[in-house]
Amino acid sequence: MPDPAADLRIIGFLCNWCSYGGADTAGVARLAQPTDLRIVRVPCSGRIDPLFIAKAFYGGADGVLVSGCHPRDCHYSEGNYHARRRLELFLRLLPALGIDPGRFLYTWVSASEGQRWQQVVADFTARVHALGPMPRLRETDLAAAALCHPAAPQEGA
Amino acid sequence: MTVLDLTHSCDMQFVAEVARESGQNLTLCYQCGNCTAGCPFTFAYDLPASSVMRALQWGQREAVLSCRSIWICATCKTCSTRCPNNIDVARIMEVLRQISRREGYAPEKQIKQFQDSFLQSVMRHGRVFELGTMMSFIARSRRLTDMDLGPKALARGKLFLRARDIRGRDEVERIFRRYRESLEK
Amino acid sequence: MRLGVFVCHCGSNIAATVDCAAVALAARAMPDVAFAADSVYTCSEPGQEAIVAAVAEHGLDGVVVASCSPRMHERTFRRTVARAGLNPYMFEMANIREHVSWVGRDKERNTAKATDLVRMAVEKLRRNRPLTPREFPVTRRVLVVGGGVAGIQAALDCADGGLEVVLVERASSIGGKMAQLDKTFPTVDCSSCVLGPRMVDVAQHPGITLHAYSEVASVSGWVGNFEVAVRRKATYVDWSKCTGCGECVKKCPARDAPDPFNAGLAPARAINIPFPQAIPKKAVINPAHCKQLTTGKCGVCAKVCPSGAIDYAMTETTVTEKVGAIIVATGYELFDPKVYGQYGGGRYPDVITSMQYERMLSASGPTGGHVLRPSDGREPRSVVFIQCVGSRDRHIGRPYCSGFCCMYTAKQAILTRDHVPGAQTYVFYMDIRSPGKGYDEFIRRAMEEYGVRYVRGRVSRIFPKGDRLVVRGADTLMAAQVQVEADLVVLAVGAEHAPGAHELAATLRVSIDEHGFFMEGHPKLRPVETNTAGVYLAGACQGPKDIPASVSQASAAAAKVLGLFARGTLASDPQVALVDPRRCVGCLKCLKTCPFGAIREEQGRDGAVRAQVVETVCQGCGVCCVTCPQGAVQLQHFTDDQILAEVEALCRIPLPTCG
Amino acid sequence: MSPRFAYYPGCSLEGTAQDYDRSGRACCAALGIELAEIPDWSCCGSSPAHAVDAVLSGALAARNLGLARQGGFGAVVTPCPNCLVNLRTAARDLDDPARRERINALLSVPCEGGLPAVSLLQALFEQAGPQALADAVVRPLAGLRVAPYYGCILHRPPGLMAFDDPENPVAMDALLEAAGAEVVAFPFKTECCGASYGVPRKDLVMELSGRLLEAAADLGADALAVACPLCQMNLDLRQDQIAAARRRAFGIPVFYFTQLLGLALGLDRADLGLDRLVVPPGGVLRKLGTEG
Ligand SMILES: Cc1cc2nc3c(=O)[nH]c(=O)nc-3n(C[C@H](O)[C@H](O)[C@H](O)COP(=O)(O)OP(=O)(O)OC[C@H]3O[C@@H](n4cnc5c(N)ncnc54)[C@H](O)[C@@H]3O)c2cc1C
Ligand SMILES: Cc1cc2nc3c(=O)[nH]c(=O)nc-3n(C[C@H](O)[C@H](O)[C@H](O)COP(=O)(O)OP(=O)(O)OC[C@H]3O[C@@H](n4cnc5c(N)ncnc54)[C@H](O)[C@@H]3O)c2cc1C
Ligand code: SF4
Ligand code: SF4
Ligand code: SF4
Ligand code: SF4
Ligand code: SF4
Ligand code: SF4
Ligand code: SF4
Ligand code: SF4
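Residue numbers (my numbering), protein chains in the order written: chain D, 1 to 157; chain B, 1001 to 1185; chain X, 2001 to 2659; chain W, 3001 to 3292.
A couple of the hints might just be wrong.
Taking lysine-lysine and the DSBU-like style, the derived pairs with C-alpha atoms no more than 35 Å apart in a straight line are [unchecked claim]:
#1 W:Lys3202 <-> B:Lys1152
#2 W:Lys3202 <-> X:Lys2465
#3 X:Lys2322 <-> X:Lys2233
Bear in mind the hints are in silico, worked out from the structure with no lab data behind them.
This is chain D alone, in the form it adopts within the complex (with noise of 0.2 Å):
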């Protein structure tokens, strides 16, 4: 009998419209997914706060992965780019925040796309495990993460 231990803390935030929808189609045709992930469900990635990916590795989550609409294909014209801006910048933090970047994911899958999120979430947590455990933080790092809010002034900068 497997060790429900043995899954890691993999936290998805996914938009409503189109990787949320990506997920359940792969439900609905039933391609089996490693059980890791939990998925927060945004309305769009537009919505998802660096901060808050930055808390849940603080919280000790073990792999971060963040999924919206194709870039050309937003639900709301133009979210998923203010995303990819923002989380490009997070990205590139993650190593001063003393977390490994491998843990962090940001892709696009739209709501037909049923096998690749399948594949997605497949490879990341391949990923994840092969990372292992996340090691503890400390506060100093998650006020360091503080300074990835987009409204802090690197952004734009």
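Following the hints, complete the assembly by docking chains B, X and W with the ligands onto the known chain D.
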């Protein structure tokens, strides 16, 4: 015709073996018949290519391994080029031929004898010695063939009477030797 | 707060791989949970009644249902909790079917995951607040994009229902593919006799504004109030003057323009009216082929036009239309068989497409309804049809079935026998798909009464032999390689997405599937809706469809629009952003990032500038929330607190409150 | 700057197809394509090897790729389609670490990776091309009706060969046209001739090559142009056998396409090996105004 007992005659291990060795997904075949339609050798086959595919899907090991078609197939790749499901049918035919040979089937004796003669020549000389291959084939098959061609070819300088070994002859022979050893392992 | 949790079995859909009772048991230990139970079919009537009863009995303030995707039943259960007397937003769903039971194989792990998802939902619900939608007025006009049979039907149904309709058609006439057809299955009645009068109705209906030779350039706004820019391409003919007399066409010396209406069977003039029944029946100049426009030397049409309609200086214009809903009916495109080199790939003149054959059969087509070989104009004695060309073929990236080609092939084979008595017809097929009413009988008639010879197998190649063509295929039922000598070969080409579908989808902010067809909201429950409120689908733009299915869907889409407009107002989604005036410092970063212009600058009584969200304009994307340095603007129902509560519910370590 | 290629003739080109070898080398030399024969090359295994085992076949071909790599070449040219398939397959396998390991286990000198291999036709088409050829033609093949026959595997499978159109190849057509010939729309350009079954199952070759000769004859072709030693042997050396089996006389000479190009380029007759053709080409040569 007897009733084909699908419950007991379906050898799924065989299906898995062919799938693994060929790297092809056999369930993709939906029996459109394109391979049969395009194959230049269908006229000489006992099982058309699409029937080989179907029998294979049903794990009909004996029927597939003992058929002549898998030996006659010339790997012309017409089937693979046109299969709407991107199945490399020619590769499957090749794998079946290899398994069939391994397991001692040879419904097309002369084709096998010719292949053996050819490879023996390569092993001995490093390159094919055409006349030697022919002589060896005649010896194996006890069939005199193409006696009309010899003089024509000779007259035009297309045939050498003596083999010329390459320097790396031993290296080539060792390839064969190591291959045989790997089979024994 | 007192919360109730209901864990659904969905029959065995969930219960087979999730221990639902264990999830409910675990939920009972979660904070504020006053009641938790498992339930066999939560969305069924007894399932919903159990929720209503539990709310009353246990005095619940909110409900979590752990079941299928919220995309499936969130609305259903919001109505349920409303019936129980709660605010519909005091409800959360945990998706333990699509995201757990259907994708995980290990029951123990699935159960742990389902429990986590319930914990997340509970933590979020603890922070939910009642929300109330606002009413806003709608523009009771509808835009129909595409004037094929589906668009025509949708436009007429909407207009007959009392709505104003704007119909935008890319070509110079409405009618779509159906206008090109000779006769239609399964009745074999004349296509233009059926469609023609409907097209005239469109032209004459006072409620319909037709923009032909036009395209949708951009769309802004939202359900109830869209603003659409329609680009009217330059026709070089003033349509208000053109009477469609056709004098110009007769005299035009440029005779090598492409003629899409005749599927390339014959060339057209540079100035053209596509067919006699065109609506509108107006001339259009093809600027790439007109001698006047390319070389400046001609001007014949301007000289002969009795109405002085020709205008070589015309440029495109844009008109703006305000509408409350949009129906997409842009249809499909036919597969180009040139990629099949083995079928001649365009090299053999007597290998034609089904649409070319349709034009050949049509009395108004270039051959006047005579079946003649393009190569030598001879009547064929033997016609071979090949099905599934460009369909059900992964090799060329078209794995899907085009749905209508089996049927139209049977139709064309039958018509061949009518047009060329004594001609022999063959059909190579893999499967025959004829599930409609009277459809299979139709196929049988082709075989039994008309003697069409069906061969079960794909064709591998076609090659010329003398002036005939040899079609080499297989009859898999005989396990034989077969060949047929043909005078004419007709390729039953499949359907692919309409050109420009990707761009239109991006403009309308709706999704398309992997093959470029528009995505419906739900394949069973919302087949004519999209996931964008106020945008509907009709006809083959959603996937290959024959005429009966296209028309049904068009009427369904029209009914949806009529339903949407039934009351003069719509309720706005209350999941919108809200500015906390106490925290806002008036930097207006949010105003700059909002993609919908939903944020206004407001001067408060204290004179300070602050941001304010216009509730009916805000689409609830949440982009502004991440931008605000003060955390002053929050998306209701998706606040920072709520999202972080979900994250925290998953974490081993409590989250600090920094940032 | 002439590109320098490793040249892998393959066994037939030392035997029955010496005329292909000589005419091919001569054309390349005339068009500025430099070929250097791989020293001490060995047989690629041809079709019998892959009938037996993929790794054995891979190793036999890989030995030659290894030698070419040692010689510092960037690509291999081979006139024989069968060799080409084996070399290309081996090159692909050598780029896959797992398969490379299995192949190297059979080799005395391991081969660390693949090397691109192209057919002589592809080299002539891409390195020289129809225009350069047309410019160099001194004696156009005017009035000669040629049926171009590519054989089954020269362009197949398309994923592996990645050259020209697998259903309607045109490279040879273009070169022959550039040489001034009238190219017949030959419908069986890629149909199989019966391959190596001439010896063990002659009936197969009689049927398949028979169909080809009949089609060429029905189209009024003066000659066939081929790019494969096996095709040439089946159609030329066995033409009498086929004529007997099908009770129809053909008398159609079967040239290597390089022989025809060589004629147009005015190359030395001794280099073209026309005297090695079994079906006498005299009539055709007379038609060209150059006695045979
Ligand atoms: C050879 C053949 C024979 C057939 N025979 C039959 C038959 O006998 N019976 C039957 O039931 N079905 C038949 N069909 C199927 C039939 O054609 C379709 O069911 C029908 O045309 C679908 O209608 P539609 O309005 O959805 O699409 P279409 O007919 O494709 O109409 C779409 C319209 O939208 C326009 N458009 C596209 N994009 C845009 C844009 N971006 N902006 C503005 N306008 C745009 C197009 O110009 C076109 O006018 C046949 C199909 C073929 C190919
Ligand atoms: C075994 C099976 C499996 C299926 N699986 C699927 C599937 O997986 N997916 C899918 O899409 N489709 C499936 N279907 C098809 C599906 O059942 C039908 O598409 C669907 O039920 C049609 O819905 P309906 O409302 O038109 O008719 P029905 O479901 O038949 O409903 C008609 C209703 O009207 C009532 N009624 C009848 N006469 C009268 C009367 N005179 N007065 C008052 N009431 C009356 C009946 O009692 C009934 O409740 C399946 C069908 C079968 C048989
Ligand atoms: S062509 Fe492909 S799909 Fe068709 S029968 Fe052959 S193997 Fe099956
Ligand atoms: S590869 Fe074999 S089976 Fe396929 S078409 Fe050629 S001869 Fe037939
Ligand atoms: S609520 Fe969803 S999961 Fe439960 S029975 Fe209904 S459809 Fe199934
Ligand atoms: S443009 Fe003039 S000539 Fe042409 S159809 Fe219109 S009215 Fe007639
Ligand atoms: S001006 Fe152009 S459209 Fe008019 S008649 Fe001349 S070529 Fe035709
Ligand atoms: S409808 Fe018939 S012809 Fe068309 S793709 Fe489907 S099966 Fe093939
Ligand atoms: S970004 Fe925040 S602080 Fe700035 S105006 Fe908008 S709500 Fe106010
Ligand atoms: S959530 Fe914010 S950014 Fe999005 S539409 Fe509303 S106000 Fe604009």
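So, going through the hints one by one against the coordinates:
1. With a C-alpha separation of about 17 Å, the suggested pair lysine 3202 of chain W and lysine 1152 of chain B falls inside the 35 Å cut-off, and the hint holds.
2. For the hint linking lysine 3202 of chain W to lysine 2465 of chain X, the alpha-carbon distance of about 26 Å falls within 35 Å, and the restraint holds.
3. Our distance criterion of 35 Å between C-alpha atoms is met by lysine 2322 of chain X and lysine 2233 of chain X, whose separation comes to about 20 Å.
Comparing the model with each numbered hint stated earlier shows that all of them hold.
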